[in-house]
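With the sequences and hints as input, model every part of the structure.
There are 8 protein chains.
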Amino acid sequence: MNPTTLLHLLAEVQRGTLTPEQASARLADLPFEDLGHAKIDHHRTLRSGLPEVIYAAGKTPAQTAEIFSRMAATGVDVLATRADEATAEAVLTAIPAAIHHPSARAITLRQSHAAPRGHVAVLCAGTSDLPIAEEAAITAELFGTHVTRHYDVGVAGLHRILAQRETINQANVVIVCAGMEGALPSVVGGLVGVPVIAVPTSVGYGASFNGAAALLGMLNSCSPNVTVVNIDNGFGAAYTATLIARMAHHP
Amino acid sequence: MNPTTLLHLLAEVQRGTLTPEQASARLADLPFEDLGHAKIDHHRTLRSGLPEVIYAAGKTPAQTAEIFSRMAATGVDVLATRADEATAEAVLTAIPAAIHHPSARAITLRQSHAAPRGHVAVLCAGTSDLPIAEEAAITAELFGTHVTRHYDVGVAGLHRILAQRETINQANVVIVCAGMEGALPSVVGGLVGVPVIAVPTSVGYGASFNGAAALLGMLNSCSPNVTVVNIDNGFGAAYTATLIARMAHHP
Amino acid sequence: MNPTTLLHLLAEVQRGTLTPEQASARLADLPFEDLGHAKIDHHRTLRSGLPEVIYAAGKTPAQTAEIFSRMAATGVDVLATRADEATAEAVLTAIPAAIHHPSARAITLRQSHAAPRGHVAVLCAGTSDLPIAEEAAITAELFGTHVTRHYDVGVAGLHRILAQRETINQANVVIVCAGMEGALPSVVGGLVGVPVIAVPTSVGYGASFNGAAALLGMLNSCSPNVTVVNIDNGFGAAYTATLIARMAHHP
Amino acid sequence: MNPTTLLHLLAEVQRGTLTPEQASARLADLPFEDLGHAKIDHHRTLRSGLPEVIYAAGKTPAQTAEIFSRMAATGVDVLATRADEATAEAVLTAIPAAIHHPSARAITLRQSHAAPRGHVAVLCAGTSDLPIAEEAAITAELFGTHVTRHYDVGVAGLHRILAQRETINQANVVIVCAGMEGALPSVVGGLVGVPVIAVPTSVGYGASFNGAAALLGMLNSCSPNVTVVNIDNGFGAAYTATLIARMAHHP
Amino acid sequence: MNPTTLLHLLAEVQRGTLTPEQASARLADLPFEDLGHAKIDHHRTLRSGLPEVIYAAGKTPAQTAEIFSRMAATGVDVLATRADEATAEAVLTAIPAAIHHPSARAITLRQSHAAPRGHVAVLCAGTSDLPIAEEAAITAELFGTHVTRHYDVGVAGLHRILAQRETINQANVVIVCAGMEGALPSVVGGLVGVPVIAVPTSVGYGASFNGAAALLGMLNSCSPNVTVVNIDNGFGAAYTATLIARMAHHP
Amino acid sequence: MNPTTLLHLLAEVQRGTLTPEQASARLADLPFEDLGHAKIDHHRTLRSGLPEVIYAAGKTPAQTAEIFSRMAATGVDVLATRADEATAEAVLTAIPAAIHHPSARAITLRQSHAAPRGHVAVLCAGTSDLPIAEEAAITAELFGTHVTRHYDVGVAGLHRILAQRETINQANVVIVCAGMEGALPSVVGGLVGVPVIAVPTSVGYGASFNGAAALLGMLNSCSPNVTVVNIDNGFGAAYTATLIARMAHHP
Amino acid sequence: MNPTTLLHLLAEVQRGTLTPEQASARLADLPFEDLGHAKIDHHRTLRSGLPEVIYAAGKTPAQTAEIFSRMAATGVDVLATRADEATAEAVLTAIPAAIHHPSARAITLRQSHAAPRGHVAVLCAGTSDLPIAEEAAITAELFGTHVTRHYDVGVAGLHRILAQRETINQANVVIVCAGMEGALPSVVGGLVGVPVIAVPTSVGYGASFNGAAALLGMLNSCSPNVTVVNIDNGFGAAYTATLIARMAHHP
Amino acid sequence: MNPTTLLHLLAEVQRGTLTPEQASARLADLPFEDLGHAKIDHHRTLRSGLPEVIYAAGKTPAQTAEIFSRMAATGVDVLATRADEATAEAVLTAIPAAIHHPSARAITLRQSHAAPRGHVAVLCAGTSDLPIAEEAAITAELFGTHVTRHYDVGVAGLHRILAQRETINQANVVIVCAGMEGALPSVVGGLVGVPVIAVPTSVGYGASFNGAAALLGMLNSCSPNVTVVNIDNGFGAAYTATLIARMAHHP
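Taken in sequence, the protein lines are chains A, B, C, D, E, F, G and H. If you're matching positions, the first sequence starts at 1 in full-length UniProt numbering and goes up one per residue. If you're matching positions, the second sequence starts at 1 in full-length UniProt numbering and goes up one per residue. If you're matching positions, the third sequence starts at 1 in full-length UniProt numbering and goes up one per residue. If you're matching positions, the fourth sequence starts at 1 in full-length UniProt numbering and goes up one per residue. If you're matching positions, the fifth sequence starts at 1 in full-length UniProt numbering and goes up one per residue. If you're matching positions, the sixth sequence starts at 1 in full-length UniProt numbering and goes up one per residue. If you're matching positions, the seventh sequence starts at 1 in full-length UniProt numbering and goes up one per residue. If you're matching positions, the eighth sequence starts at 1 in full-length UniProt numbering and goes up one per residue.
Keep in mind the hints are simulated off the structure, nothing from the lab. Treat the hints loosely; a few may be bogus.
Claimed, not checked - If the Cβ cut is set under 8 Å, some of the chain H residues that face chain E in the computed set are:
no. : residue
1   : Gly-211
2   : Asn-230
3   : Ile-231
4   : Asn-233
Since this is a predicted model, take the numbers as computed values, not measurements. Built from N, CA and C at the ideal position, the CB exists for glycine as well.
Rendered as structure tokens:
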């Protein structure tokens, strides 16, 4: 219920076609979302053209496939993250047009045709961080941004990141995935003048404590343009990166 | 040394006004920054018109005052964070035009005259989070954005945040400071469609473990548009927020 | 041995039908529970009509089935928590009247016929928290309270919880299950005027540290009507909730 | 704005004394609290007769005294927690009728005259836990319950708690404050049939880690009627205890 | 109330000099300790001749002096641990016969004249661990054992501990205090055939985390004759060591 | 090389049958153990009659069986801890006289015939702690002490531990195994006058953090006669308990 | 591109055989490594004769075998660490000359013929630490140093380490692998006058927290010649040890 | 007692000027250090010409001054670390030739005249890490190495470290001090071919947890030539660095 529909309702009361009691009941019964008090993700998604997202971990292949199909039927783009092989098989059987990205553990279905807006650079420190980086890249692409990938550019071989500095500097926002000591976002943060979203990965052993070491390193970054998301949360990084990149390239 | 100056140097060699040995020495001697390999913060600051920043914690009042004065002399805006009373006194004695913001523990000197670009909303959960929120707000303002403040809007009284939803929704980016359980960024993330930068504060006692509880809560946010900075890092949040807000409002 | 039976015993000594030595021996031999010094759960259970409870984790299906049968034979209600499929099969083979609740991993046998007393609202933030929420709901129902379920009402979509506010407010006590950032209990605590029992769940990944993030968030709740139980302890929350709800509805 | 006032407003529209536009504006302008969407603590406090509460830590004596005076003027009961000597002096100078409880670090002003409802037993393990126990006791008393104190009843001398078992068993809810190993709530939980609210205290040294050991112990209690609040949170325990005790003794 | 006094009471009932009601009341009124259900520390102390102990931390000098005096008046030995200078002054003013041990932060009053029983060796790794070692040594001596001190025998200079091996081997139990890496108990455990009680100290910096590193090291000792007490708990180690040493030398 | 053999060597030098150079070489070559500087476990074991011990975790069944057989051949008692079913089968095939204790995950071979010396009471809080308690009990028995078992005597039902107080009090040392909140050792420590060795078990879930909660609780015990070993270390507790119990009953 | 090749390029410009534009492009295109700004591991490896290293964990047997073969073809020595049985089979099928070291989980291919330089002593505390010690030993040997092994020399039996002191003292650097309490490096550090590299292993249970206890112990070593690497990082320890040992024995 | 003195003693026995009994007693009485079983730091120091070191933290100014004077009298170099202003004053009053290094919190006395051997490069990330870096530099210089300082070369401005790469590469060993994210050692490790000793500093706030974040980052370094010492342990890093640098430059 937006101001317009509220006015209509009150006009009906004024006209006498609705008693105050009926109007009061209708106001009480309306879900909050209709009053604009809050918007459900589903509606926002449909309006904005952003893809629907399914977090497949903890769901059976059949469940994911069913949800995926239902969403696909609405004509929007669909993304399933953390999808294993069995899930991919189930989804692709149901929706042959969907694409499985094994390294990113993602399944995508593109039904929209908008040109990309904004540029997101996705970096990862080592090849082991690649699945998380790919989750971020695939997500950002499906969400409608131009993505450049810069993989295996860890800080122990600085020339690798320095060599790609120019391209990275053209991005509107940079996503940096790194495990172990998690140093790459600080280095990148010093090289670029745009926001850097750091994704700690659970890559490492021993005192990496499943990504906690990288997480702490990133939170303590000496580069003030670095913000951090949860360990292995490539999707979340791409979601925010898309919001930023679109801002830079509003039509 | 950019491509142009490199061509000039090579042309001199071609012309014979520079021997290969001289050119080689010149290439070797030039600091990397001049080759564009990296840019020192100082230079970037001067060029971009962003303020100079002094982290006053761990510096004597005299040291901070001297650095502040030196920076002020270059004509740029200057910001000192984590400045106590004694430091403020020392700085204002040296630079009477500077302004002390006690609640933010910040000192600012504005010498530029550009109109604000972009809109940053700064929220805090309780009045105890106010110093960090003010550090963020003061920083974002000096960095040249329009800032709206929404304080004491914690989740235990939802009406407070809901009542200000409209204004917050007009911002390009939202900074949310919260201690204790750190729940506010998730709630705000669900209400707005722009990036939310969460700042855990060290407010709380017992099992808050000096902000670690809030930090963990924010990293695990169920809203995908939330990224996080270090505990009490209002400055860093504002730095990144400025980068985002400017992106939305490039001239 | 309560005051009455003690008086009887002493009266026998007075009458001479019992020598002091015999009385002394009888006093020494009696189990403490009979003296009222402490009550074993079993006896309390029988007297109070509360169900017998079996924690099935770590027990073989045969062991659980045997205990379940023995308890069932006494005519009381019986609850088995953390029961897997094999355990459920074994129990239902032995006691066909028992009911298996797969999502709650619980098995119940209802033999009493008392009307429900008190109202417990059970909320969960996301569908992944559902097993713990169902453990709480099934427990509270078998313990004799009226239970309303409010699932998938996480803080990233406030309208969902706000829409059900009225029903929740009618409960005598609210159980809130949430993983990830664990913010829901604080929000609910601000909406209702009754005790809120928060159950952190191990739902999440990375920096959720198996529920520790949610646990810390709940302990630091800014709502003073929130108390907390162990991670995934839906049973314990329901046990205490039942005690509170019965208090409000003593016959 | 409750249903009644909403009906009045709609009736005015029906009568034509209010145009739909005016009614719409009035509905939009009203704070959410008036619509019943959420209730601010202040209003709830006034209506319910519960005391106003000031968390004095981090406030200057003058600030606390001013807030205290303002609240006192409304005629309600007032409680200030975590108040040091200087704060107490400032408050008592302003409001001579207020009472300072040094061991509880609390200041109370009683202006209501209702008889106590419900019975809260407050226990503490050692004399060092007394300040937190007293904070709980003073709070529960000012909130209008009957409080019995059972101090220095730690588990290393079981006879002490056993000797007071009868009285404790008459309470509607038991608050147990303990530091060090935090074992007392489990023992008490086994002795009583009512809810036990455990308050870990920061008492201890070395591996007590400022109360974390006691907190973990209480969360892992083998007694299912134990719920837990934050370390040293005597106030929160009393707040919830009051809600429970009142439930048992509604007039 | 022991079996004898119980028989007397029952005999009175038999004789008719006590009604059953009176006997019942007397049984109910008697503290549990008198029934032998539990013994209060105080009574056990008096009977066993073990000293009374006051933990002075958190008590005012006046409080400690008063308790000390009251205990001294009963003729037993008295020990105050964690006593600062002011407390020592207050106690010695009240009880001039008491002795202050500054390095151990202890005050002792010896009033008994029994010969020492058993032999406790107290070791410490470095001179910084000395206060805790002395607390243990002073305690064990006042509790009536023969104590030998072996200080500054850390593992980085093995010859030091090896040189004193013979003496240490004659002890009935060995207390080992160590901070930093906490390795000494394992080494000593391998050299002796008696129980080793390890006391982690808070000595160290950085990753010692206030004794947590030493504590973990000791808990993981590869010598199976090592048990551990809390960080800095020299008193507790000496208490248990005394129980063991006395066992070996019962009169 | 003990004093006697050293004198013999020096006498040879005196007699001229050994040159100083030869003697010097011999002194340098002798292993330290021969000088009595240190004793290898093996030798100490043989002399003392204590069983040989094999930690079977991480060894193949064949390896454990081979070591077990080799040890058995020397005529001593042998103990294998943490032995799974396959290991038990392999050992019993090789040494049919060995006994497998499945609940303790231990295999024992008794070849000595000495009467038990000393009394060790082994307690556990719940039935889930039984494997660790049995490891302790089996170990202490094979090591030659009299063991009494007191299982399922957790603090939530105090009458259970109180009922067995008399027997427990007759032990020379008490081993207490408990998971979850780990409160039982403190309670037992207050009931008995002998050393209590606390064994935290990894029993529990959620915030038990695999036994860390119980470990911290035990380290912070308010009973000064409690010392602690590593989580699940029933063997170590029994080893030290045997040393203590033997001390009390030296022949 | 070293100074010589740079001079050549500039001379070409001087001679006119290269235009400034061509030279500029060539300078821009050259990878940074050729300019000496940074060196890729691969090139450094080839020049230095150090082996190529493959971290096989997380790679399929086929992937590791392919990389191994490609490296082997260049004629250098090759090392694969963390290689399981399947990987070893795949590699040895491809490169029959490679050697599988099962206990070290390593595969080596030696193609160089240089004599060893420098002496590295590798110690481990217990037999369970052997896999990590062997990884270190195999690595150091393939990297061209002389390695002596000293295994099972833990601190609970000091004679074992003391007996081998002389040989260990001849090494240029000592690697010490230990789990549980991690005390061995401190003891060794006190016995030798050369750098000690400590490798905490994840050996242990309970409060060893997967090697964290050993790690903390080593970081707090009281021997100042001890530095530490990550838990289970035998490879890294050997890498640094090789650098040190070669330093002592440069040709 | 070295081999020579042992031979002398045995020769005396041969000559009959010493009986076997006397020789035996003398051998038994001699401290182990004299037999070469172990060497005390003091003796090793005197022989090696390495300075004596006093850890002044926890010592009174008078104590430190006295120890310093006693050591100085032996003619060796002396170093006091963690010395505050008062300690420096006390030492310099006693030994006017000593030098106070306030930023390093160190006092040195140089009495030897040997030329430096080996080259140690000391780096620090920010100016706040300078005290620890200076402690390392001062220590390494007094220990007799050539030291080059490279301060404020943190990773957020890569050009700074790249610009000094050549000089750093000439060192035999590099010490890198860094707080916050602790990323610098990894970057430096990739730039140089010598051992890197990483010193985490306690510089930072919030989630730096007093240096724990930097420590974890360094332990997880992706550069295999990085080893780590305790937080703020500049002295230990310099001690090991000296051992390595001397190895490269043995006379």
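Hint check results:
no.: 1; hint: Gly-211; verdict: holds (6 Å)
no.: 2; hint: Asn-230; verdict: holds (4 Å)
no.: 3; hint: Ile-231; verdict: holds (3 Å)
no.: 4; hint: Asn-233; verdict: holds (6 Å)
Checked against the numbered hints given earlier, this structure breaks none of them.
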